[in-house]
Each structure stands twice: as C-alpha cells, then as structure tokens.
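Peer 1: So you can see what is in the structure, the chains are spelled out below.
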Amino acid sequence: MRIAAGVDVGSTQTKAVLMQDNGERKILARALTDTGANVLKAAESAFHKCCESAGIHPQEVGYVVGTGYGRYKITFGNAQMTEISCHARGAQFLCPGTRTVIDMGGQDSKAISVGPQGEVLDFVMNDKCAAGTGRFLANAAEVMGIGLDEIGPLSLKATQPVKIATVCTVFVESDILSYLSQGKRPENIMGGVHLAIAKRTLSLARRVNIEPEITMTGGVARNCGMVHALEEVLGRKLQISPDAHYMGAVGAAIFALEKMDDTFENTVWREHAAGSRN
Amino acid sequence: MAQVSEYRGSIHQQQKEMMLDWYQKLDEAAGGADQPTVSMMISGNCVELLEGFGAAPMYPEVNALQLAIRHQSLDPILAAEDLGYAADNCAYVKADIGCMIKGITPTGGRLPKPTLVLCNFVGCNTYVKWFEHVAEFTGAPLYVLDVPFLRGQEPSQADVEYVVRQLKEVVQLLERLTGRKFDFDRFRQAVAYSSEVEDLWSKIKHLSKHSPSPFDAYFDAITLMGPLYVYRASQRGADFFRSAYEELRAKRDANEGIYDREKFRVVVEGPPPYPYFRAFRDMFAKWNACAVASTYSTVGGLWEFGFRHDPDKPFESVAMHMLAQNVTNRNYLQRYEQIRRYVNEWNADGVIIHFVKSCRLFSAGQGDMRDYFTRQLGVPTLYIESDLEDPRYFAEAQTKNRIDAFFESLEHAKHTAKVGA
Amino acid sequence: MSHRRVISVTYSNFFRVFNLCMTDFERTFDHLNDTLQDISLGSVRRWKEQHPGSKAVAFFPVYAPVEIVHAAGMLPVLMSGAGDRLDIQHADSRFGSFICSIIKTTMEMAMTGHLEPLDAFLFSSICDSARNLCWVLKRNFPQMYVDFLHLPHSTSDSSVDFLAEEYRRFIVELEKLGGVLVREDALHKSIALYNEQRRLVRLLYELRARSPHLLRAWESYVLVRCGNFLPVEEHIDILRHALESVSSREAKKRDSIRVVIEGSFCEQPPLELIRMLENAGCDVVEDDLTLAQRWFTRNVTINGDPVRALAESYVHHSVYSSVRHDTGHPRSEGLAEKIRRTQAEAVIFLIAKFCEPAYFDYVLFKKKVEEMGLPHLLLEFEEKLFTFDRIRTEVETFVESLVFD
Chain A
1 MRIAAGVDVG STQTKAVLMQ DNGERKILAR ALTDTGANVL KAAESAFHKC CESAGIHPQE
61 VGYVVGTGYG RYKITFGNAQ MTEISCHARG AQFLCPGTRT VIDMGGQDSK AISVGPQGEV
121 LDFVMNDKCA AGTGRFLANA AEVMGIGLDE IGPLSLKATQ PVKIATVCTV FVESDILSYL
181 SQGKRPENIM GGVHLAIAKR TLSLARRVNI EPEITMTGGV ARNCGMVHAL EEVLGRKLQI
241 SPDAHYMGAV GAAIFALEKM DDTFENTVWR EHAAGSRN
Chain B
279 MAQVSEYRGS IHQQQKEMML DWYQKLDEAA GGADQPTVSM MISGNCVELL EGFGAAPMYP
339 EVNALQLAIR HQSLDPILAA EDLGYAADNC AYVKADIGCM IKGITPTGGR LPKPTLVLCN
399 FVGCNTYVKW FEHVAEFTGA PLYVLDVPFL RGQEPSQADV EYVVRQLKEV VQLLERLTGR
459 KFDFDRFRQA VAYSSEVEDL WSKIKHLSKH SPSPFDAYFD AITLMGPLYV YRASQRGADF
519 FRSAYEELRA KRDANEGIYD REKFRVVVEG PPPYPYFRAF RDMFAKWNAC AVASTYSTVG
579 GLWEFGFRHD PDKPFESVAM HMLAQNVTNR NYLQRYEQIR RYVNEWNADG VIIHFVKSCR
639 LFSAGQGDMR DYFTRQLGVP TLYIESDLED PRYFAEAQTK NRIDAFFESL EHAKHTAKVG
699 A
Chain C
700 MSHRRVISVT YSNFFRVFNL CMTDFERTFD HLNDTLQDIS LGSVRRWKEQ HPGSKAVAFF
760 PVYAPVEIVH AAGMLPVLMS GAGDRLDIQH ADSRFGSFIC SIIKTTMEMA MTGHLEPLDA
820 FLFSSICDSA RNLCWVLKRN FPQMYVDFLH LPHSTSDSSV DFLAEEYRRF IVELEKLGGV
880 LVREDALHKS IALYNEQRRL VRLLYELRAR SPHLLRAWES YVLVRCGNFL PVEEHIDILR
940 HALESVSSRE AKKRDSIRVV IEGSFCEQPP LELIRMLENA GCDVVEDDLT LAQRWFTRNV
1000 TINGDPVRAL AESYVHHSVY SSVRHDTGHP RSEGLAEKIR RTQAEAVIFL IAKFCEPAYF
1060 DYVLFKKKVE EMGLPHLLLE FEEKLFTFDR IRTEVETFVE SLVFD
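Sequence order for the protein chains is A, B and C.
The first sequence maps to residues 1 to 278 in my numbering.
The second sequence maps to residues 279 to 699 in my numbering.
The third sequence maps to residues 700 to 1104 in my numbering.
No lab work stands behind these hints, which were simulated from the structure alone.
Some hints here could point you the wrong way.
The calculated EDC-like cross-link candidates involving lysine to aspartate or glutamate, where the alpha carbons are at most 16 Å apart (straight line), are [stated by the list, open to error]: (1) B:Lys696 / A:Glu119; (2) B:Lys459 / B:Asp312; (3) C:Lys1065 / B:Glu414; (4) A:Lys163 / C:Asp783; (5) C:Lys1066 / B:Glu525; (6) C:Lys1067 / C:Asp1088; (7) B:Lys294 / B:Asp627; (8) B:Lys446 / B:Asp461; (9) C:Lys1066 / B:Asp360; (10) A:Lys163 / C:Asp860; (11) B:Lys446 / C:Glu1079; (12) C:Lys1065 / B:Glu359; (13) B:Lys591 / B:Glu439; (14) A:Lys184 / C:Glu725; (15) A:Lys157 / A:Glu232; (16) C:Lys747 / C:Glu933; (17) B:Lys692 / A:Glu119; (18) C:Lys1067 / C:Glu1044; (19) C:Lys837 / B:Glu615; (20) C:Lys1065 / C:Asp1088; (21) B:Lys564 / B:Glu674; (22) C:Lys1066 / B:Glu359; (23) B:Lys564 / B:Glu594; (24) A:Lys199 / A:Glu231; (25) A:Lys184 / A:Glu173; (26) A:Lys199 / C:Asp783; (27) C:Lys837 / B:Asp649; (28) A:Lys73 / B:Glu674; (29) B:Lys696 / B:Asp627; (30) B:Lys692 / B:Glu674; (31) C:Lys1065 / B:Asp590; (32) C:Lys1065 / C:Glu1095; (33) B:Lys391 / B:Glu306; (34) C:Lys1067 / B:Glu414.
Partial selection, computed: residues in chain A whose CB lies under 8 Å from chain B [unchecked claim]: (35) Thr12; (36) Ile84; (37) Ser85; (38) Phe93; (39) Glu119; (40) Val120.
All C-beta atoms, glycine included, are put in the ideal place defined by N, C-alpha and C.
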C-alpha cells in the first residue's frame, strides 16, 4: 500500500491530508492546526496528528508534498508545489468535471482554469488593492462585534444589502461604522459586504474563462453567506466538497502519490528542500 | 537551493567604470568645472544634440534606480511624502525630489544644478510634472520639448517638422545658456556614433534568439542600458558596444547560455522591482527561465526592428527617434505588437507582465494586455504587481508564489504535450 | 414623480418649467441632476433619434474641440464616468490596482453596452491612464472611431501650427465618419455659439463669487455640467433662464467661509459631497469641477481661419489645468489669481483617488497657498462613495478651526 501526504501551510491555518493508493485513491485522514509563528512546527504537528488519527507510523508515509505560503519551510517534505497547482488537482479529484476553481483564502483570492487532468491552464489572483478576502470578512466581523462563523448566516437574512464601494480592508471599517450610525440593520450591512466580495470575485473569475463545473475551495467556502452570494452573481451552483478547506493538502497528497507512481517525469519536481526525509 | 545563474563578463566591469566616470564628470561640474549639464528623461532622449555643446546628460531616473537597487530609496521617498507628495505618486519622482531636499546622491558625489532642465516629453505625462518640479526645486530653466504622441503607425510630416523646430529652439536656448556655439559637425558625428552603437545593440538583442540565450534580455540588458543612454553618441560608447557584442557573440557561438540548461524562455513587460532586483531575478533563475526579450529595454530606444539615427539627416532622425522609436511614445497597441513579435521571433514560452504601481504609462491597461495574449493569442501570461522604486509594495511571498505557479503550469503543459505526442 | 416626466419629454420644455415659480426653479436642479445620473445616455439617444444619421462624438471633458464636432453636424458628448451608478464587474480585468475610478467606469460602461449611442471616442494626453484607455477601447470596440489628439504642452508658435494641423487631421476623420463636409462658415457659427455658452458660464461663476447665497455650488455645477451632453443651443437657453431667475431669488446670506475647490477637473465627486461641503459652512466661490465649458478665458476670434483661431486659443488663452504644461505661466500662479479674484479665504483640494496630475500639482499649489497665508484642506474622493462620515468630520473640523479662530 502506498501512502503519501500533503501539507498545506496557509496564512492562518495549516492543513494536512494522508492519502493511500491501492488501485484507488482514498483520503485516510485529515488534520488541522493554527499556523502561528512557527511554520515548521505547525506543519509537523498537522502531519503527525494526521498519522496518529490514521494509525500510521510517519515512516510509512512514502512521500510528502508541501504547499501554501509556508511550503519552503517544510524541511521534512520531499517537494513543494504552489497551492494553485494543488487546488486545481485536488478539485479535479474531489469534484470531477471541475473546469474552474474559485479559491478564497485568508490572504488571496484566486480563479483557476483547470484542464481535464486537473492541470492549470490559466490562473489569476486578486489585485493588490483587493487583497485578503478572508481578512476583509474577519475585519468586518470584528467591527460589527460578531463571530466569524455567524456573519455568513447573518448575511443570508439581508433584505436590502447596503452598498460597499471599497474593497480596501482598512476602509471597510469606516464604511461599516457609518452604516451602523445610520441605523442600518446588521444583516443588511453584512449582506452588502458579502455581495461586494462576490462581485469582486466574479470579476476576477472572468479573467480566466469561467466554464462549468465551478468548484469553490479554501477556507471561505465554509461561509454559507459567501457561497450564496457567489452563486447569486454567477447565476449557477457551485460545487463544494466537504473537504473544500483541505483542497490544497489533498492536491499536494495526490502529487505526492503520483511522484511515487512516477507518472511524472523528474523535471516536474524541484527537490531542493533541505533535509529530505529519506 | 535555487540555482543562481548570472553572467559576469568584462562588459560588467567596463560599464561600471563608465558610469563612475560619468558621475565623476557631474561631480566636477558641481564643483565649478566648465561643464554644461542637461537634465533629460531616458525615454527617447536626444543625447546626440547635447554632444553639439559638449554637454553632459543627467538622468534623474538613473539616479532613482541606482538608489533603489542599493536599498536606499525609502528615506528620500518619505522625505518627499512629508512635502505633500501622495502615496500614489510615482516613486521615481519622490525619490528624486527627496534626494534633492536631503542632498543625497547615489554615489555620494555631488550633482550639479543643471544648465537646462530639458523635458523630452514622450508620452509620459508624469515626466512633465517631474521636470516642472525639478525646475522649481533647483531654480534651473525649463524647456518642455513637446513630442506628439504616436497616433498612427508612423509619425506624420507635421509631427516631424514640429519636433525639429523645437530641437532648433533648444539649440538656440543652449547657445544662450552655455555661451557656447552649437558645433554642428560634432552633432553630426554624434549621430553617426549613435547609429553605430544602435547597430551593435540591435545585434546583441538578436543574439538571444539563440537557445540557450547568452544573456538575459531583461536583467542583463539593464546593465547595458546605462552606457546606452549616457555614451550612445560617443566614440567610447561605440568601443564599449563593439566589445560587448564580441563577448556575447563568442558565448553564443560556444553555445554558452545564461543557464546550463535553459528551461523556459519568456518575454518580460514592464520595469523591474529595483528594490528587490536580486530577489526577483532569483525567482526566475530558480526555474532556469531566461528573458529573451523585454519592453523595458526599449524605453530609451527601439532598435532591434531596424531604426538607426542618420548622420545625413541629423535633426530629422533625432526627431524620428523621439517620436516613433521608443516604447513610451508608441501607442499601447503597438506595444502589444512588439511583444507579440518577441514571442514569435524569439521563440518564447510565455509573457511576464510586471505591473508597477508608480508607472501608469506602463501599467494602466495591462489587464487588457493579458487578455489579448491569453485569450486572443493563447500565449501563457503571468501578471504580477509591485513597484520599481518603492520597497513597500513588493510582497515577496506572493510574488514568488505566482511565479512558481506559472512555471509549474508551463511545466505541466510541456509534460502533457510530450506525453500526448 | 410627475416633474420627472415633464423634463424627460424634451429639453426645450425646460425653461417653461423654469418660469413656473421659484419652487419649480429649485426643483429643476434635481431634474437636471437626474439626467446627469442617466448612464444610458438617454439624452444622446434622443438627439440621435431626432437627427437620424447624425453622429455622437465623445471626449473626456478636457480641452475637447467641441466646435469642430458641432460644425460637422455632430453632437459632442463629454464623458465623466459613471459615478456611483455602475458596479465594476468587467473593467477591473483590464485596469487593475492603483488606477482611478473614471477610467474603470468608462471602460465598464463600454463593456456593458452603455456607450452604444456613441460613434466616436476621442482622447488627448491628459494623463497616462487615459492615454492607454484610448487604445484599450480601440482594441475592444473596433466598431467605434477611437482616436487620440495630441494637444501641445508647449506655447511656442510652432505649437499653434502643429495644433492647427492636428485639428485638420481630426476634421478629415470626422468628414469620413459622417460623410459630411466641415465648412468654414459652419465653424465660425459653432465658435460663436460656444463663445456665447462660455460667456454665460463665466457670468454664472461671477454671480456665484459675488453672491454665493443666491446660487449654491451644487446648483451651478448641475447647470454647467448638463452642458457636457446637451446640444449647445439648449444649454445656452438653460443658462440664460437660470441667470435671469437666480437674480430674483430670495435667499438669505449666511455665515460661511469662501473657499476655492481645486483638483476635480476630470473625475467628478459625488454631488452629495459638494452639498456636504456647503452644509458644513463653505461657500464654494470658484472650482475646477467640470471645466468643460470654461476652457478658453476669452472669446475665440471669429474672423479668418477658424481652425487656426481654435489652435491659438488653446495654446495661448486656455484656462490653466493640471493636465497640461503651461510654459511661462505656472499653474500655481493661475490658482493664486483665482484666489485673489474671488477673495477666497481657504482652499479645499478635492482630489480623486489615484489622480496623478492632481497629486503632483497639489505639492506646488499647496506651497503657493501657504505663501499666500491661506488655510487649506486636502480631501480624497472616489466617484463611487456611499458614506461621507469620514470626509464630513474633516470638513467640519476645518471650518470650525477657521470660524472660531
């Protein structure tokens, strides 16, 4: 039995996934931990938690691919891939037929055009002035004094969403404060915030060719309000895997399996991570 | 670790000496030597005309980029912002003005008050503002040489006449300011040198058609740009470019590439992030990705498609250069076409668009450019954002991430194509 | 909303509404504003219906040679973005970060069919972003005649010769576009009409500087700006009737400070923002909002070669603005004259986010204003603004600091 791992070190959370391949690829375990200041420690912790819950000794894991912003810090990994490649590959695995991936994370939003094998055909990321979708939502939640988990459901209750002109994480605060002082209802403010991001994301996705199926990945996919707003502006349903949050790690694990299968020629890999595991 | 490949030949040493000599000359002028100096813009500069007075050019852009590359640009930028310049003003201007206020120079030597601030306005409206401000802060006289923007494929007769008339006005003005008589023969000789240098420079640029390319037409081309703008119209410039061409041609003939194993060939659009020049270069080096052509290296002049100054028509050819043969005064769609030719004729795998916040002339509309290359032509294109002077706008992790993802996708595409075949 | 219907029927009814009574006079500003807000360019569409086969030619509202377009039997339309009425959902794929809003809303209008009534779109070298927009439009909308006019940044005689040639080139293009001939006498007539329009606008500004309580800045702004897309003949009627009605208006003087607004020559602030400035205690006695009808400081000569007369007016007699270099006449001196003429007590720099020409001029303007000993305030806006609390606080503090000084 071949077992491989993918570790996705994101700006806020680190995700690890174990996968096996005995004719069929299957997720064995997943683990989640806050990234914090020590990236390597977070990666190790997520990886070991994963092994533990699958009842597998880390030595049995044949290959580890790191992804996400902290990927170069994963010294116990064998190789690194960007999360763009990994999300595309992961989405193709978990949501077959995916042609477009919309990934919304803490730092960046991305739209990825995906080929039939899960290969990246084209990708775009948010402009500088509109960085940090997750952060934007978190700021909005903080100003409103409500939990991050509550803003999605709250936004669904909006009857007259307010207009939010800015996409700047800093200015959204003063916009929200103005609306609060005008007596606007919290759900309408939150509805406006979600709609503004959804429109922004649609515009981003248009830069690659939006083709169905469209799969949403990344941490923000867990926000039902954001999903709803995006579906609304896109005019179609999104595919969302229960593992949307783990998509980068899943993609990384698939790459790791393929490496073990040797389906890729060596040039695809840059094994310059210091201290290979083997 | 990432493979760091870089070409270091004798031309790099030579160019360093040449630039230091130039700064030395400016320092002497500041010390009272009988040396007229003229502030000019790099884009479509008319350094030939200055030779007719033995005047030395001063390029605020060169000062600004030198400062950034030495990680010293932030202080003067902040000094300028204290004066009221906005966060969203061109940081080249802010660094230059900030230096003026704080008395900073890139080499530590002195810079003179220019005899004339000659704004060769070639498309960039920021140039006009910049030089208005330089004139205001130095008290030097200002002449705005109004070069009509290229509306069609070629300039009209009226365009050329208009520029020639102004060039002659500049001659009169400089005669008055320097007290020297314009030496027409020397001017014509300068134009002849330019023509020779341009021929060599163009040949160098065509060397990168070879795979592996003997030099990087973005990062290494920048090294050669200093001598190109300061010494183009002189014997010394001609000598330098002759040896540079010989050196690079020998490399090409010996099949020596900038990378042992060149994996990707790209065309780069936009100025580099000077404050992170080294780090940025390494991001490409890691992938053995070589720039085979770049638009930035044609800011001062576009010569690889055949234009040369003409000693038989010195004024007209200087006008033609300013009007039509530099990337900033050519219209935006002509830039698309220039890049398209690079991709085809230099056999590139993709296009890197580097959006710089400071320069809207370069950057406004680059999303459309990306759309043109990816959708209309099917050329893989990467769009990244930072700045050419302000270190605060370079996000290293994000930039690296996008570059990695781009080359990963190119690698997959190459792999898929190979498997498919 | 009956009044809205009246106004949308036809503009020639406008002054009838005007003469009804004072409240109607007041309401007409709202009507005019409604038409300003119409991003589907309804008035242009109506004009084209009334003039079958005729063309509409758009410019950014900066030094546009409207006389030439008018003489060609076409409608000049001065575009100033889409304000807050259009979400950017396509245009930011073409113009990314750090680019001002008017570029993006203009592109968005094009990409969503709002510019469909326009047959041509002309640009000049007002800024680097607008310059590139010209070519992006040209690529994406090949059915439209898109061109760039080079308006000189120099004031030498060669500039007049050059610009006259450039206008002639433009005339040839218009003749091709419309299948028309632009005759000299038609140009003379057009110049006379626009001279009259500019004269009336100058009167309006004089009146405002003299008696700001009689005409609010936002009212005068709406009156002037509707001339950006109405036929000049109608605009002249509107201005005449407004000038007549205003002088008999009953309005009380109030305590306020006289301010000059500088910096909004291209992208326009929301009307709400201008109102807010006034409510905070500012009398806006001069501004550079929509300079479109004030480009020339004096009448264009009507004898002789009209094309050359227009070129001379641009080179030698145009109002200063941040989008062009003015040899020998620094723009900061232009601002100083404006301040002295209107006896302003303060300057508010009202600058669109990412407007580089305004940012640059701010540095030298500020220096000048400080030399004159005047207080000043810098406000940054975007045409798309929905909340004004932050700006209101700044303005009120500024006014308070002056009043209680």
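Peer 1: Between Lys1066 of chain C and Asp360 of chain B, is the straight-line Cα distance small enough, at 16 Å or below?
Peer 2: Holds - the C-alpha atoms of Asp360 of chain B and Lys1066 of chain C are around 13 Å apart, at most 16 Å.
Peer 1: Does the structure keep Lys1065 of chain C and Glu414 of chain B at a Cα separation of 16 Å or less?
Peer 2: holds (13 Å)
Peer 1: Hint validation: Thr12 of chain A versus chain B, beta carbon distance must be below 8 Å. Holds or violated?
Peer 2: Cβ of Thr12 of chain A sits 14 Å from chain B, so the hint is violated.
Peer 1: Check the hint pairing Lys747 of chain C with Glu933 of chain C against an upper bound of 16 Å on the C-alpha distance.
Peer 2: holds (15 Å)
Peer 1: Straight-line Cα separation of Lys837 of chain C and Asp649 of chain B no greater than 16 Å?
Peer 2: Holds. Lys837 of chain C to Asp649 of chain B sits at ~14 Å (cutoff 16 Å).
Peer 1: Just to be careful, I want the Cα atoms of Lys692 of chain B and Glu119 of chain A compared with a cutoff of 16 Å; is the pair within it?
Peer 2: Status holds; Cα separation ~11 Å.
Peer 1: Does the structure keep Lys184 of chain A and Glu173 of chain A at a Cα separation of 16 Å or less?
Peer 2: holds (14 Å)
Peer 1: A closest beta-carbon separation below 8 Å is what the hint needs, so does Ile84 of chain A meet it against chain B?
Peer 2: holds (4 Å)
Peer 1: Compare the distance between the alpha carbons of Lys1067 of chain C and Glu1044 of chain C with 16 Å, and conclude whether the hinted pair is satisfied.
Peer 2: holds (14 Å)
Peer 1: Between Lys1067 of chain C and Glu414 of chain B, does the CA-CA distance stay at or below 16 Å?
Peer 2: Since the Cα atoms of Lys1067 of chain C and Glu414 of chain B sit roughly 12 Å apart, the hinted pair holds (cutoff 16 Å).
Peer 1: Hint check: Lys446 of chain B vs Asp461 of chain B, CA-CA at most 16 Å. Holds or violated?
Peer 2: holds (13 Å)
Peer 1: Could you grab the alpha-carbon distance between Lys163 of chain A and Asp783 of chain C and see if it respects the 16 Å cut-off?
Peer 2: Satisfied, since the Cα-Cα distance of roughly 10 Å is no more than 16 Å.
In this structure, the hints that do not hold are numbers 5, 6, 7, 10, 11, 14, 20, 23, 30, 31, 32, 35 and 38, in rising order.
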